[in-house]
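A.B. asks: Note that the sequence shown covers residues 1 to 442 in full-length UniProt numbering.
Honestly, the hints are just simulated from the structure, not real lab data.
All figures in this text were calculated on a predicted structure; none of them were measured in a lab.
Ideal Cβ positions, reconstructed from N, Cα and C, are used throughout, including at glycine.
Fair warning: there could be bad hints in the mix.
Straight-line Cα separation of at most 25 Å, DSS-like style, residue types lysine-lysine; simulated pairs [stated by the list, open to error]:
id : residue 1 : residue 2
1  : K200      : K139
2  : K315      : K326
3  : K303      : K326
4  : K303      : K131
5  : K242      : K263
6  : K4        : K290
7  : K104      : K303
8  : K326      : K187
9  : K200      : K4
10 : K104      : K125
11 : K187      : K239
12 : K200      : K290
13 : K200      : K263
14 : K13       : K139
15 : K237      : K187
16 : K341      : K4
17 : K131      : K13
18 : K338      : K104
19 : K315      : K303
20 : K4        : K139
21 : K290      : K380
Distance ranges between label pairs, derived from CB positions [stated by the list, open to error]:
id : residue 1 : residue 2 : range
22 : R278      : Q58       : 21 to 29 Å
23 : T350      : L304      : 34 to 42 Å
24 : L304      : Q255      : 43 to 51 Å
25 : R297      : L46       : 48 to 56 Å
26 : N250      : T279      : 35 to 43 Å
27 : V328      : E39       : 20 to 28 Å
28 : Q388      : P150      : 38 to 46 Å
29 : P69       : R356      : 21 to 29 Å
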Amino acid sequence: MILKGSQRGNAAKLARHLMNVQDNEHVELHELRGFVSDEQLLDALLEAQAVAKGTRCQQHLFSLSLNPPEGERVDVATFEAAIELAEQRLGLDGHARAIVFHEKEGRRHAHAVWSRIDVETMTAKNLPFFKRRLMEVSKELYLQNGWDMPKGIVDQAVRNPLNFTRAEWQQAKRAMADPRLVKAAFKQAWESSDNADTLKAALEEKGYFLARGDRRGVVAVDYQGEIYALARWSGVKTKDVKARIHDADNLPSVQERREEIAKRVSGQLVKYVLEINRTYSEKHPTIEFKRTQAVERHREERKLLDEMQRIRWDKETAARAARLPKGVSGLWSRITGKYSKIRTQNELETWQSYMRDQAERDDLVARQLDERQQLQRAIKQMREKRSQDIADLHGEMSAYLSMQRGHAATAKVKSDHAKQQETKNKDKTRGRPRDQGPDFNL
């Protein structure tokens, strides 16, 4: 289970993000502990923010996301155990806490938020090396649950370089490209080059053009004018970029690059972009309708289950309460110990009922996730097809711009052209009449 934590403030913004039903198909406020406000997440986090005003702490919240391995069935108890373990290792025992579950694209993950403020001492809990501690907790969770541990957790040196932040995902989404393909393209270009010229050529082959950024040093611009910070997308440090590109100040500005691309881009290639988007738009509504229908049906099923469990819980609670003796008999039962036995039995049955209800919810969620994942596979294939088409188009744009400057096409384009020519030659050869050979019927 991958754990990512951060210290932060702005309680209202965090609450809106965690309860956002636009970007998530299902949102469940699972727990509010240690807050006076015990119904709304926004009220609870604003309460924590008000307490923090009695201190000088600006980042008074600690937010943790828990992402289980893809394809693994993880119940609520496993999430709760993971959160408890992280809480102990971070030293946040007893601090006010909120837990929220999200489901999106057939996967379920959890968020936990703690108040860092100790209300007794009115000081913020210091969290030194929390990333390292969360990494150790993550390793333990993989071992405890028998999950295959990612290589990046076993050895930091081989961590997946294609992981991306939310900002990177949104940036690639604006360009209608898969961020994994974008990041892989940048990293491949960086690793295959050893100086500024070869890096420039490698990036241009993939449809990205170096420019001088305003604040981010060296950036790359694609054919749509989207800006990519070279260091971030290549997975290297800023000092490494400066060491490789010494004349960054001589690069064209972002605006100059955009104007150059706008002037040189072929109208036919622009039509290709529109065609890709139109094809996607024609197919997308059908699958999106199926997804929306599934989400609405799943929400209704959960609502019905919650209502059924609430009615059953109230009925069972009333039955347990009726067992307790009242009046004089109740007083006598306390003396004889009968009252204590009945109360113990009621507590046991209450716990068993709670676990039964939780198991029913887990089973329903698991069944719905299985159904949602089947649909997600079709959505993923469609997205990958569009992303690959966009990536191929980047290369075509690069070849066109190169030819507009009077240069030869890139090596990749040359290779593709050579392969096409070879195929044509083979076709011509097949079309010729074959040699009949010697005539033995003399």
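A.B. asks: Hints first: check each against the structure and report whether it holds.
C.D. replies: Here's how the hints hold up against the structure:
1. With a C-alpha separation of about 40 Å, the suggested pairing of K200 with K139 is violated against the 25 Å cut-off.
2. For a cut-off of 25 Å, the pair hint linking K315 to K326 stands: about 19 Å separates their Cα positions.
3. Taken as a hint, the K303 and K326 pair is broken in the structure, with Cα atoms around 37 Å apart against an allowance of 25 Å.
4. Between K303 and K131 the alpha-carbon distance is near 37 Å, which puts this suggested pair outside the 25 Å criterion.
5. Distance restraint check for K242 and K263: the Cα-Cα separation of roughly 29 Å exceeds the 25 Å cut-off, and the hinted pair is therefore not satisfied.
6. Restraint check: the Cα-Cα separation between K4 and K290 comes to about 32 Å, which exceeds 25 Å; the hinted pair is violated.
7. Taking the CA atoms of K104 and K303, the gap is near 18 Å; set against the 25 Å cutoff, the hint holds.
8. A hinted pair counts as satisfied when its Cα atoms are at most 25 Å apart, and K326 with K187 does not qualify at roughly 75 Å.
9. Restraint check: the Cα-Cα separation between K200 and K4 comes to about 34 Å, which exceeds 25 Å; the hinted pair is violated.
10. The straight-line distance between the Cα atoms of K104 and K125 is roughly 33 Å, outside the 25 Å bound, and the hint therefore fails.
11. The suggested pairing of K187 with K239 holds, with an alpha-carbon distance near 16 Å, which does not exceed 25 Å.
12. Of the pairs offered as hints, the one joining K200 and K290 is violated, with about 44 Å between alpha carbons and a cut-off of 25 Å exceeded.
13. Restraint check: the Cα-Cα separation between K200 and K263 comes to about 20 Å, which is no more than 25 Å; the hinted pair holds.
14. Of the pairs offered as hints, the one joining K13 and K139 is violated, with about 31 Å between alpha carbons and a cut-off of 25 Å exceeded.
15. Of the supplied pair hints, the one linking K237 and K187 holds, its CA atoms being roughly 12 Å apart against a limit of 25 Å.
16. Restraint check: the Cα-Cα separation between K341 and K4 comes to about 46 Å, which exceeds 25 Å; the hinted pair is violated.
17. For a cut-off of 25 Å, the pair hint linking K131 to K13 stands: about 23 Å separates their Cα positions.
18. A hinted pair counts as satisfied when its Cα atoms are at most 25 Å apart, and K338 with K104 does not qualify at roughly 51 Å.
19. Proposed proximity of K315 and K303 is supported: the alpha carbons are some 18 Å apart, at most 25 Å.
20. Between K4 and K139 the CA atoms are separated by roughly 13 Å; this keeps the pair inside 25 Å, and the hint holds.
21. The straight-line distance between the Cα atoms of K290 and K380 is roughly 14 Å, inside the 25 Å bound, and the hint therefore holds.
22. Our hint of 21 to 29 Å for R278 and Q58 is violated, since their Cβ atoms are close to 48 Å apart.
23. The supplied range of 34 to 42 Å is broken by T350 and L304, whose beta-carbon atoms lie about 23 Å from each other.
24. The beta-carbon spacing between L304 and Q255, approximately 57 Å, falls outside the hinted interval of 43 to 51 Å.
25. At roughly 34 Å, the beta carbons of R297 and L46 sit outside the given window of 48 to 56 Å.
26. One distance hint, 35 to 43 Å for the beta-carbon pair N250 and T279, holds here, with the actual separation near 41 Å.
27. At roughly 40 Å, the beta carbons of V328 and E39 sit outside the given window of 20 to 28 Å.
28. Range check, Q388 to P150: Cβ separation about 25 Å, and the 38 to 46 Å hint is violated.
29. Evaluation of the 21 to 29 Å hint for P69 and R356 yields a pass: the beta carbon distance comes to about 27 Å.
Going down the numbered hints, you'll see the structure goes against 1, 3, 4, 5, 6, 8, 9, 10, 12, 14, 16, 18, 22, 23, 24, 25, 27, 28, while the others check out.
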